[in-house]
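Engineer: Listed here are the chains, written in short residue letters.
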Amino acid sequence: MAESIAKNDIIKKLGYESFENIIDAYKNNVYSTAYGFTRNRHDAEDLSQEIFLLIYQNLPTFQFSSKFSTWVYTVAINRCLMYKRKEKRRSTIAKVMPLTDEVSQSYSDGQGTETDVIANDNKKLLYEALHMIGPKYSAVMILKYMQDLSVKEIGRILSLPEKTVETQLYRARSQLKERLKGLGYSAEEQ
Amino acid sequence: MDYEKNLFEQNKMNAPENFSKTTMEYILAAEEKKNQKSSVRIEYSISRIGQIFVAAAVLLIILNIFPAEKIVQGKDIDIYPEQHENIFHKAIYGIGNLLDEIKETIDFNIFDNKGENNE
Numbered sequence: 003m004a005e006s007i008a009k010n011d012i013i014k015k016l017g018y019e020s021f022e023n024i025i026d027a028y029k030n031n032v033y034s035t036a037y038g039f040t041r042n043r044h045d046a047e048d049l050s051q052e053i054f055l056l057i058y059q060n061l062p063t064f065q066f067s068s069k070f071s072t073w074v075y076t077v078a079i080n081r082c083l084m085y086k087r088k089e090k091r092r093s094t095i096a097k098v099m100p101l102t103d104e105v106s107q108s109y110s111d112g113q114g115t116e117t118d119v120i121a122n123d124n125k126k127l128l129y130e131a132l133h134m135i136g137p138k139y140s141a142v143m144i145l146k147y148m149q150d151l152s153v154k155e156i157g158r159i160l161s162l163p164e165k166t167v168e169t170q171l172y173r174a175r176s177q178l179k180e181r182l183k184g185l186g187y188s189a190e191e192q
Numbered sequence: 353m354d355y356e357k358n359l360f361e362q363n364k365m366n367a368p369e370n371f372s373k374t375t376m377e378y379i380l381a382a383e384e385k386k387n388q389k390s391s392v393r394i395e396y397s398i399s400r401i402g403q404i405f406v407a408a409a410v411l412l413i414i415l416n417i418f419p420a421e422k423i424v425q426g427k428d429i430d431i432y433p434e435q436h437e438n439i440f441h442k443a444i445y446g447i448g449n450l451l452d453e454i455k456e457t458i459d460f461n462i463f464d465n466k467g468e469n470n471e
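Chains A and B are the protein sequences, given in the same order. Numbering of the first sequence is given in our numbering, commencing with residue 3 and proceeding in unit increments. Numbering of the second sequence is given in our numbering, commencing with residue 353 and proceeding in unit increments.
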């Protein structure tokens, strides 16, 4: 009870009427971030919901020492990186223990439908390229160009020195360009 | 605007329709589940504490760690406490008496048998 009062106080202090307003304000950015790591609408939606749940549950820990948006993206990116780690483990298990025909069929169907629908879409190509450069580089690219954060803020979110963030951004940019070129995405298409 | 900024701006994904509403429902359901879990956990803890108390009480009674003290009023002497006999002492005495009785019975039977044989 006291916890929910504290949450409501923070929501009001942040200038929102309810938590639903916060979701409204950040849903596209959080969803895009999640999609950048999942490349699947259904998983991105689930992951975004989990991120908002984490934000809601941890609201009392927000200290107002940083911008609320930075805190939201910190929660989002950490949850997404955790998702990638779990996905890596899942794929390792899948390699060791191949799925049964029925399960693998339904699994590939889920992804295949998604791929078929937006196969030639630039969006799909960008997210595919982000997946190819790996979570470390895609995290800095998403935070920098999708969430429009400064190098300092990215460093704080990822617990990295600014110099390291700059180096990672430089490498990520060149790798992304290469991958996009390889996938057939050109600047002229924009 | 630089190339990457433009790239990400153009390809930004939009959350599905009703996302806020469904997410809010998801959060409320998760919170309710969490509350239920914590109340179940409290109930479980209380029952566990109860079980521990009962077990401890039974153990204390068996081991007689805190023996009751009987106040004995002596003749021309001060009130002094006399400790109850430990339950183990009682058991040992009991077993000892039982063994004596058994011994006597066996001896008696042997004697009886001898007598029968003699006849």
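Hints in this document: simulated from the structure, not taken from any laboratory. Take the hints with a grain of salt, since some may be wrong.
Here are the simulated DSS-like cross-link-like pairs (lysine-lysine), alpha carbons at most 27 Å apart as the crow flies [said to hold, decoys possible]:
1. A:179 <-> A:69
2. B:442 <-> A:69
3. B:357 <-> A:86
4. B:386 <-> A:125
5. B:386 <-> A:88
Engineer: Against each hint, give a clear statement of whether it holds in the structure.
Structural biologist: Here is how each hint holds up against the structure:
no. : hint            : result
1   : A:179 <-> A:69  : violated (31 Å)
2   : B:442 <-> A:69  : violated (76 Å)
3   : B:357 <-> A:86  : holds (24 Å)
4   : B:386 <-> A:125 : violated (37 Å)
5   : B:386 <-> A:88  : holds (23 Å)
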